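Trainee: Could you put together the complete structure from these sequences and hints?
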Amino acid sequence: MGLKAYIARRIVYMIILIFLVATVNFLLFNLMPGTTLSKYVAQLGGVAMTEERLQQLKESYGLDQPIHVRYLLYIRNMVTWNFGYSYETRNYVQDDILMVLPNTLILMGISELGAMLVGILLGVIAAYKRGSSLDTFLITTSLATYSVPVFWIGWLVLSAFALNLGWFPVGGIVPQSWAFNPPSSMLEYISGRLYMLTLPAFTLFIFLFGGWILLTRATVLETITEDYVTTARAKGLPERTVLFKHVLKNASLPLITSAALTFGFLISGAIITETVFSYGGMGLMIWAAIATTDVPVMQAFFFVIALLVVVANFVADMLYGVIDPRIKYG
Amino acid sequence: MNSVATREKRVAFLWRRFKGFWNQYRQTKRGMVGIIIIFFFAVVAVFAPILSPLDPLAPRMEGYYIHQQPKLCEKLCVPIWYKTILGMNDLSENFLTFDDHEYMTADSFTSQIEWHVLDSGYDVDVQYNPSAGTHDESGTRVDGCIEITYTRDATETPPSDGAVSVVLRREFEWPYGDPPRSFWWHYSLNVQNRTSMPVIPLSIGVQIQRGDEPQPTEVLTGSKTHVQKITSAVIGNIWGGNTDSTTEVDGIEAIIFTGRGEYAWEFVINIYDSEVGAKDITVLVDNTQAILYGNTFGLLGTSAIPKPTPRDLFTMLLYGTRISFMIGLLTAVFSVMIGLFVGLVAGYVRGLVDEGLMRFADFLMVLPGLPLLIVLVTVLGRSIWNIIGVLIFMGWMGFSRSVRSMVLSLRERPFIESAKASGAGIGYIIYRHILPNVFALVYISLATSVPGAIISEASLAWLGLGDVNIPSWGLMLYDFSRTETAVVTGLGQYWFWVVPPGIAIALMALAFILMGFSLDEILNPRLRQRR
Numbered sequence: 364m365g366l367k368a369y370i371a372r373r374i375v376y377m378i379i380l381i382f383l384v385a386t387v388n389f390l391l392f393n394l395m396p397g398t399t400l401s402k403y404v405a406q407l408g409g410v411a412m413t414e415e416r417l418q419q420l421k422e423s424y425g426l427d428q429p430i431h432v433r434y435l436l437y438i439r440n441m442v443t444w445n446f447g448y449s450y451e452t453r454n455y456v457q458d459d460i461l462m463v464l465p466n467t468l469i470l471m472g473i474s475e476l477g478a479m480l481v482g483i484l485l486g487v488i489a490a491y492k493r494g495s496s497l498d499t500f501l502i503t504t505s506l507a508t509y510s511v512p513v514f515w516i517g518w519l520v521l522s523a524f525a526l527n528l529g530w531f532p533v534g535g536i537v538p539q540s541w542a543f544n545p546p547s548s549m550l551e552y553i554s555g556r557l558y559m560l561t562l563p564a565f566t567l568f569i570f571l572f573g574g575w576i577l578l579t580r581a582t583v584l585e586t587i588t589e590d591y592v593t594t595a596r597a598k599g600l601p602e603r604t605v606l607f608k609h610v611l612k613n614a615s616l617p618l619i620t621s622a623a624l625t626f627g628f629l630i631s632g633a634i635i636t637e638t639v640f641s642y643g644g645m646g647l648m649i650w651a652a653i654a655t656t657d658v659p660v661m662q663a664f665f666f667v668i669a670l671l672v673v674v675a676n677f678v679a680d681m682l683y684g685v686i687d688p689r690i691k692y693g
Numbered sequence: 002m003n004s005v006a007t008r009e010k011r012v013a014f015l016w017r018r019f020k021g022f023w024n025q026y027r028q029t030k031r032g033m034v035g036i037i038i039i040f041f042f043a044v045v046a047v048f049a050p051i052l053s054p055l056d057p058l059a060p061r062m063e064g065y066y067i068h069q070q071p072k073l074c075e076k077l078c079v080p081i082w083y084k085t086i087l088g089m090n091d092l093s094e095n096f097l098t099f100d101d102h103e104y105m106t107a108d109s110f111t112s113q114i115e116w117h118v119l120d121s122g123y124d125v126d127v128q129y130n131p132s133a134g135t136h137d138e139s140g141t142r143v144d145g146c147i148e149i150t151y152t153r154d155a156t157e158t159p160p161s162d163g164a165v166s167v168v169l170r171r172e173f174e175w176p177y178g179d180p181p182r183s184f185w186w187h188y189s190l191n192v193q194n195r196t197s198m199p200v201i202p203l204s205i206g207v208q209i210q211r212g213d214e215p216q217p218t219e220v221l222t223g224s225k226t227h228v229q230k231i232t233s234a235v236i237g238n239i240w241g242g243n244t245d246s247t248t249e250v251d252g253i254e255a256i257i258f259t260g261r262g263e264y265a266w267e268f269v270i271n272i273y274d275s276e277v278g279a280k281d282i283t284v285l286v287d288n289t290q291a292i293l294y295g296n297t298f299g300l301l302g303t304s305a306i307p308k309p310t311p312r313d314l315f316t317m318l319l320y321g322t323r324i325s326f327m328i329g330l331l332t333a334v335f336s337v338m339i340g341l342f343v344g345l346v347a348g349y350v351r352g353l354v355d356e357g358l359m360r361f362a363d364f365l366m367v368l369p370g371l372p373l374l375i376v377l378v379t380v381l382g383r384s385i386w387n388i389i390g391v392l393i394f395m396g397w398m399g400f401s402r403s404v405r406s407m408v409l410s411l412r413e414r415p416f417i418e419s420a421k422a423s424g425a426g427i428g429y430i431i432y433r434h435i436l437p438n439v440f441a442l443v444y445i446s447l448a449t450s451v452p453g454a455i456i457s458e459a460s461l462a463w464l465g466l467g468d469v470n471i472p473s474w475g476l477m478l479y480d481f482s483r484t485e486t487a488v489v490t491g492l493g494q495y496w497f498w499v500v501p502p503g504i505a506i507a508l509m510a511l512a513f514i515l516m517g518f519s520l521d522e523i524l525n526p527r528l529r530q531r532r
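Chain order of the listed sequences is P and U. Throughout, the numbering used here is defined as the position within the first sequence, counted from one, plus 363. Throughout, the numbering used here is defined as the position within the second sequence, counted from one, plus 1.
Worth flagging that the hints you see were computed from the coordinates, not collected in a lab. Model, not experiment: these values are computed from the prediction. You may find that some hints are simply not true.
To give an idea of the interface, some chain U residues facing chain P are shown, with a C-beta separation under 8 angstroms as derived from the structure [stated by the list, open to error]:
id, residue
1, PHE42
2, PHE364
3, LEU368
4, VAL376
5, LEU411
6, PRO415
7, ILE456
8, GLY465
9, VAL469
10, PRO501
11, GLY503
12, ILE506
13, ILE514
The C-beta atom is built at its ideal place from N, Cα and C for all residues, glycine as well.
Mentor: So this is what it looks like as structure tokens:
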């Protein structure tokens, strides 16, 4: 099977997955007792609810239709990127999501990139000096980062750098002063955004880099005993060249797959980090939605994030196919 | 006879194997640290009620309280060792000023030196009545009370200032430099009015007086600033019957308390009388109690939430150990069981079953963890059992995959083939030949599933989806995040609310991770081969 057929197969698989995710999302919110409408009604609070008004509401949300009709409608809405109104903000949910999604992606991208760079570097060093006290220290540190809740790291970071030292702002996505004098140049805009990003990105970085150290160390240890590494050393290549050109290059495949597979983990971390720093992304959005049981927002949130994860997996598969010449498509 | 011998042999064999394993495990420093931490937490979890007898969620004062149990402590108290270790000697503690509902200390009220009775003359008579009392919930208590009787013939003129006053005064020594944070007191009244109409109005006031100031006859005129009238209620139109009153006041303590010294509580009872006609009234005063709340409490201070009964943070921390163990172990055990079952079946039966189960597992693995948790818990409800159920549901896939791949290689081995040839069924082969060989993975997975569950629960609680009826570490952190202090001051001033549960979560998770890591090094066949 050629590369094209492989890609086609992965695309079909991805579409099936997305379809399944959408279906699960529909079932969860519609078949479980006491959701959609009752939550909405409960949220209206003391407003007296007559039978008539309830019927009207049901009609306006299409809830008087039989379930299969609703399902088809729902799938059509998902495909056409129509998630309905938020109960709380009364905006189109898709507009809200498109507004905050880039913020989350920026946060995730920067911290994951930093964590990968630092983690892989330290992981290679740990593997190279395996058994040493440095190795022990790095492993224990990595295991420790696994065990601390990310919001707690966030709190410590926030208290230390924002409240006690006052170096960074407490929260938000743009500096408060921009309300009066917006940034004049692109440079100023970027630096302002980065300034606000520092603490959340640093928190997420701490949360992530330990995993990369452990993973890199494990994969490098597996390749470091291969014959071609011994050969490279025997040729008299400098150790650095051997490590980064011969070992790491071959160990990079599992790392790439892992980057995709842990994408969901990364998103979870980002969601929680955002709530600590009031960073206006998907996490803060779902936080508000949880507090008010804003069903359309939660539904859309789950769908969009699952979509991102599925796409990330797809991209990893593609990269895998392109990078590794040994791979048999199929 | 034979079976006993084989069983003995098996036990001896298992024991030898365990000893072999333990000898290896003992060598791993990380593993030992993990085990020691887990053991420590286990002891805390088991003995939590002994280590702290308080209620973790809604602590109240222990003791005999007629009307309503008072709260245990003020909110946001600092740990009590601030006084000794940090040398902040001025900090105040809870102070039970008096708790007198039976007046049993003497056979006659007037002989009790604790209570000073000051009355304004006239025909008022105050005495101890050992065989009367006011009611409680179970009925009348007749174990003694203070009896105030006021009688006036129609021929006598009413008091010139329109009322007769009785002051029940209790002096006490306040031993702390700081003022108390708030006051709590209770009293019961029973009024027996034998006068014909009109009704005699009655008022009762509660006040605190600084001890070195002039005597209360002046006080009653209400002009002195050194006496702080905390409350005063006119209980009008009481013809007869009982009144119970519990009152809590804060915000004025600093006006009265200037430091260590003599203070006095006073119950001021006024019986108003300005009309002509005979008067005959008896007031029974009972169940007088007063508490001054200090600004220190417990080993780790107190929280600010929930409002009426702040929680003792040390107690919550202890009980949180139980909850975390429960969540971690239940989730680990059940998700490992499901994963083991699915992996065994998929790996051994193969074919369509394998394909179906593994595709399902793949699908669940694609779903993002935290968002799915959020959605499921929102839909199902925020009880701890739902959370554990969802965590189990989402935790078995990875393990089932590794079991399956192990089984796939095992089933082709010669000893399985020989078992098949001698007529063993699927169940027997899986149970006797395959299961023992994958059990190493079970131990590893048990240890490594725990931390994820503990941290997930804490994260859910932080997002506001935790179970608020369970004293978990996540709830402590969530409580803190809901207060304004969290936003304004960060962790600094109230570190004792946030840092201990965070460290506890991290330590427990780390302990299981360390244990899993060491088990993995010893038991994982893949890693073992490499050595």
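Trainee: Next, verify each hint and record whether it holds.
Mentor: Here is how each hint holds up against the structure:
no. : hint   : result
1   : PHE42  : violated, 13 angstroms
2   : PHE364 : holds, 6 angstroms
3   : LEU368 : holds, 6 angstroms
4   : VAL376 : holds, 5 angstroms
5   : LEU411 : violated, 22 angstroms
6   : PRO415 : violated, 28 angstroms
7   : ILE456 : holds, 5 angstroms
8   : GLY465 : holds, 6 angstroms
9   : VAL469 : violated, 14 angstroms
10  : PRO501 : violated, 11 angstroms
11  : GLY503 : holds, 4 angstroms
12  : ILE506 : holds, 6 angstroms
13  : ILE514 : holds, 5 angstroms
The structure is inconsistent with the numbered hints 1, 5, 6, 9 and 10, although it conforms to all the rest.
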